[in-house]
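Q: Letter by letter, the chains look like this.
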Amino acid sequence: KQEVTQIPAALSVPEGENLVLNCSFTDSAIYNLQWFRQDPGKGLTSLLLIQSSQREQTSGRLNASLDKSSGRSTLYIAASQPGDSATYLCAVYLGGSRLTFGEGTQLTVNP
Amino acid sequence: GAGVSQTPSNKVTEKGKYVELRCDPISGHTALYWYRQSLGQGPEFLIYFQGTGAADDSGLPNDRFFAVRPEGSVSTLKIQRTERGDSAVYLCASSSSGGANEQFFGPGTRLTVL
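If you read the protein sequences in the order shown, they are chains A and B.
Residues in the first sequence are numbered consecutively from 540, following the numbering used here.
Residues in the second sequence are numbered consecutively from 19, following the numbering used here.
Chain B with its partners taken away, still in its complex shape:
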């Protein structure tokens, strides 16, 4: 596709449930990033993939959060036992090869945990 796509655009779930958020990066981009944005704040880094491997997962808040990118393209962010504090917009970005290259963002998934 022409840009980064994310599905679903909105997700409402109940506390304690499991959710998966999907990111489809720009074709050919080897680097993929997940960020989380709370209302009125700038995005905060969660995890960075270079190819299939997580090169930096130091931004994941706790072990309820996990992300995969098994074929080096699409990535899925997984959140177990969701809490109300997980409510935020989850943004995905990709860049051609990581490093100082420009990052291009998707439209985000708005997660609401009731």
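Looking at chain A on its own, in the form it has when it is part of the complex:
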């Protein structure tokens, strides 16, 4: 059974800091990996989708990397802002139908 783990569970940083969120998964036979952002009481916003053949994807201040062989992905956020405060979730797709999610990292960026 695929398990997805996100470390740390919570992170608090001062504004302007660069930071890295980690995601690990037990089954390396994934088709893709998605990073999402979830604001309190809201749904999920897709940030980046990395296909299994790719090693990284970038969108603005966000960069996500994927290392299938080691079962790891990282989300790098440059020059963090208070508006980046949210819960960040990673999810892997193994084929079939479902995404399997981690429990998320709750990020707080302090002004």
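Think of the hints as simulated: they come from the structure by calculation, not from any bench.
Be aware that one or more of the hints could be misleading.
[To be verified] Some but not every residue of chain A turned toward chain B, in silico, with C-beta under 8 Å:
#1 570
#2 571
#3 573
#4 581
#5 582
#6 583
#7 615
#8 625
#9 628
#10 635
#11 636
#12 637
#13 640
#14 647
#15 648
#16 650
[Claimed, not checked] Have a look at the derived ranges for each label pair, beta carbon to beta carbon:
#17 71/B / 649/A: 18 to 24 Å
#18 86/B / 555/A: 47 to 53 Å
#19 86/B / 609/A: 38 to 44 Å
#20 561/A / 86/B: 20 to 26 Å
[Said to hold, decoys possible] BS3-like mimics (lysine-lysine), calculated; alpha carbons at most 27 Å apart, straight line:
#21 96/B / 581/A
#22 581/A / 29/B
#23 96/B / 35/B
#24 33/B / 581/A
#25 540/A / 35/B
This one's a predicted model, so the numbers in the text were calculated from it and none came from an experiment.
Where is the CB? At the ideal position from N, CA and C, for every residue including glycine.
Based on the hints, put chain B in the right spot on chain A.
A: Same frame as chain A, but now just chain B:
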């Protein structure tokens, strides 16, 4: 519409009652998914539709849960004889054709069973 919409945004019901939660996917998306998210957890898969048919319902926790998508667009998740443990946020997602395509999520319905 521009994105996935879900109604109601909040639903409070009493134990034992029946509830229906509605999802309107992105226009043209053939794949539709339901997930359930408990407090402090990541979403967990419930059911996947490809068109009108449920292609995978293995995530439904028991036979009190049922979902339909009669015309291949709007879907309704139905919960009979609700229990307090059913309290969660129910999320709907759609994608253009399923498979490895990106999933887009709605805002969710927060269900509270008293």
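Q: Confirm or reject each hint.
A: These are the hints, each one checked on the structure:
Taking 8 Å as the C-beta contact cut-off toward chain B, the hint placing residue 570/A at the interface holds, the least distance being around 4 Å. Taken as an interface hint, residue 571/A checks out: its beta carbon lies about 5 Å from the nearest beta carbon of chain B, inside 8 Å. The beta carbon of residue 573/A comes within 7 Å of a beta carbon in chain B, closer than 8 Å, and the hint placing it at the interface holds. At its closest, the beta carbon of residue 581/A sits 6 Å from a beta carbon of chain B; the interface hint therefore holds under the 8 Å criterion.
Here the hint on residue 582/A is kept, as its CB sits about 4 Å from the closest CB of chain B, short of 8 Å. A hinted interface residue such as residue 583/A counts as satisfied when its beta carbon comes closer than 8 Å to some beta carbon of chain B; here the least separation is about 4 Å, so the hint holds. Hint status for residue 615/A relative to chain B: violated, with the closest Cβ pair at about 20 Å, above 8 Å. With a least beta-carbon distance of about 14 Å to chain B, the hint placing residue 625/A at the interface is violated under the 8 Å criterion.
With a cut of 8 Å, the hint placing residue 628/A at the interface with chain B holds, because the nearest CB-to-CB distance is about 6 Å. At a threshold of 8 Å, the smallest CB-CB gap from residue 635/A to chain B is about 6 Å, leaving the interface hint in force. At its closest, the beta carbon of residue 636/A sits 4 Å from a beta carbon of chain B; the interface hint therefore holds under the 8 Å criterion. This hint holds: residue 637/A has a C-beta 4 Å from the nearest C-beta of chain B, less than the 8 Å allowed.
Hint status for residue 640/A: holds, given a least beta-carbon distance of 3 Å to chain B, under 8 Å. Taking 8 Å as the C-beta cut-off, the interface hint given for residue 647/A is violated, the closest approach to chain B being about 15 Å. Because the smallest distance between the Cβ of residue 648/A and any Cβ of chain B comes to about 20 Å, over 8 Å, the interface hint for this residue is violated. Because the closest C-beta pair between residue 650/A and chain B is about 25 Å apart, greater than 8 Å, the hint is violated.
In this structure, residue 71/B and residue 649/A break the distance hint of 18 to 24 Å, their C-beta atoms being roughly 49 Å apart. Here the CB-CB span from residue 86/B to residue 555/A is close to 50 Å, well matched to the stated 47 to 53 Å. In this structure the hint that residue 86/B and residue 609/A lie 38 to 44 Å apart at CB holds, the actual value being about 42 Å. Restraint check, residue 561/A to residue 86/B: a C-beta distance of roughly 39 Å breaks the suggested window 20 to 26 Å.
For the hint pairing residue 96/B with residue 581/A, the CA-to-CA distance comes to about 21 Å; that is within 27 Å, so the pair holds. A distance of roughly 15 Å separates the Cα atoms of residue 581/A and residue 29/B; the hinted pair therefore holds under the 27 Å criterion. Straight-line distance between C-alpha atoms of residue 96/B and residue 35/B comes to about 11 Å, which keeps the hinted pair within the 27 Å bound. Taken as a hint, the residue 33/B and residue 581/A pair is honoured in the structure, with Cα atoms around 25 Å apart against an allowance of 27 Å.
For the hint linking residue 540/A to residue 35/B, the alpha-carbon distance of about 34 Å lies beyond 27 Å, and the restraint is violated.
Hint compliance for this structure: hints 7, 8, 14, 15, 16, 17, 20, 25 are not met, and every other hint is.
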